[in-house]
Amino acid sequence: MEISTLAKAIAIGLGAIGPAIGIGMIGAKAMEAIGRNPEASGKVFVPMLIASAFAEAIAIYALVIAFSIK
Amino acid sequence: METESQNSNQILNNQSTEISTSTETEQISHESTLYAEPIAHIGNFTITNALFTSWIVVLTIIIISIAIRIKIKKIPKGIQNLFEIIIEGAESLCDQVTGNRKITNKAFPIVFAIFLFVLINNWIGLLPLGGLGLIETGEHGKMFIPLLRSGTADINGTLPLAIFAVIASNVFGIITIGIWKTFNKYVNLKVLSEIFTKIKKDPMIVLTAPIMFAVGFLELVSEVAKIASLSFRLFGNVFAGEVLLASMSAILAYVLPTPFMLLEVFVGAIQAFIFAILTLVYFTIASQDHDEDHENDHKEQVHEIVGAH
Numbered sequence: 004m005e006i007s008t009l010a011k012a013i014a015i016g017l018g019a020i021g022p023a024i025g026i027g028m029i030g031a032k033a034m035e036a037i038g039r040n041p042e043a044s045g046k047v048f049v050p051m052l053i054a055s056a057f058a059e060a061i062a063i064y065a066l067v068i069a070f071s072i073k
Numbered sequence: 003m004e005t006e007s008q009n010s011n012q013i014l015n016n017q018s019t020e021i022s023t024s025t026e027t028e029q030i031s032h033e034s035t036l037y038a039e040p041i042a043h044i045g046n047f048t049i050t051n052a053l054f055t056s057w058i059v060v061l062t063i064i065i066i067s068i069a070i071r072i073k074i075k076k077i078p079k080g081i082q083n084l085f086e087i088i089i090e091g092a093e094s095l096c097d098q099v100t101g102n103r104k105i106t107n108k109a110f111p112i113v114f115a116i117f118l119f120v121l122i123n124n125w126i127g128l129l130p131l132g133g134l135g136l137i138e139t140g141e142h143g144k145m146f147i148p149l150l151r152s153g154t155a156d157i158n159g160t161l162p163l164a165i166f167a168v169i170a171s172n173v174f175g176i177i178t179i180g181i182w183k184t185f186n187k188y189v190n191l192k193v194l195s196e197i198f199t200k201i202k203k204d205p206m207i208v209l210t211a212p213i214m215f216a217v218g219f220l221e222l223v224s225e226v227a228k229i230a231s232l233s234f235r236l237f238g239n240v241f242a243g244e245v246l247l248a249s250m251s252a253i254l255a256y257v258l259p260t261p262f263m264l265l266e267v268f269v270g271a272i273q274a275f276i277f278a279i280l281t282l283v284y285f286t287i288a289s290q291d292h293d294e295d296h297e298n299d300h301k302e303q304v305h306e307i308v309g310a311h
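Chains as they are written, first to last, in our numbering: chain P, 4 to 73; chain H, 3 to 311.
I should point out that these hints are in silico values taken from the structure, not numbers from a laboratory.
Mixed in with the good hints there might be a few duds.
As the list claims (entries may be wrong) - Below, computed lysine-lysine pairings styled on DSS-like, alpha-carbon distance capped at 30 Å: (1) H/K79 x H/K108; (2) H/K228 x P/K73; (3) H/K228 x P/K11; (4) P/K46 x H/K108; (5) H/K228 x P/K46; (6) H/K108 x H/K75; (7) H/K187 x H/K200; (8) H/K228 x H/K187; (9) H/K228 x H/K192; (10) H/K202 x H/K187; (11) H/K228 x P/K32; (12) H/K144 x P/K73; (13) H/K187 x H/K203; (14) H/K183 x H/K202; (15) H/K76 x H/K104; (16) H/K73 x H/K108; (17) H/K104 x H/K183; (18) P/K46 x H/K104; (19) P/K46 x P/K32; (20) H/K192 x H/K202; (21) H/K108 x H/K200.
Let the hints inform the model, and build the full structure from the sequences given.
And the structure:
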């Protein structure tokens, strides 16, 4: 196995840990908020998606690095 | 075997008209490549399958919108009802993001067009028309090239969309708050000039103004980051979905991919939604004038204090 393959795997693997935790926390808090106030689910949904999209962007930077390793 | 290869050669000879399925011959291989495969050439211009699919999507949207536009009536009926419900729902969703109906009305056509384009592109790649394609001889023997590949499963499809979204948001900012204020977001000459005008009132401005100026350059970097994250998010999700479906079909065809197919339909909708909503967020941010907000807040506070007395 070439060392660059390992580098790609490490880049995306480690880079995905942080955003994964972040998205998990965003989802958990959103669920909690909806549980406390079910009528606000419509209002919670859109900011939740936007926040998770921003958290996900970090994983995408890692993906870009993983693709760009030759 | 002889006849089979002859058949394949015949197919090769009239590629443009022949439609063949990948199951016909076992030697024909198909891999999900990172790049869209070329299906035709016009002069130097290469038409890839992703580009071809994008054209189909654009044609579909144009035909449907013209068909609805011709039959539009004051009292909605049939399909017009459905689309009015969709548009109304989408507009109220946009209101949640922008918080201002005027901005929603201005940005909605662009954002909704992006949404429809990305959504139909995502879903057209999932259509079970994978057998529709061409057979070509590549480096590793015969290759099967599908005619339909989501335009969003190609980085050349998502990158222009993201660049368009970011540039359009800045143009929208110039239209709504003026070219000078938009320019000052990135190269903050206004703050630097305030050193001379406000130094008597607030000496600390000598320290804060250069920091504000440096933050402007960070904004410039974040515009590039926006393009990268928008395009790679969409491309990564859709392409990963295609690879996932292909590998699942290789393990156990028809049974195993079905739940993942449903997942991909969901992911396609969510990603189209996120792309459109983020574009709208960028539009909203670009149309907001920070200085004015502060001044208005200040005025309101003054009013409240005056009113209390």
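request  = Could you tell me which of the hints above the structure violates, numbers in ascending order?
outcome  = 21
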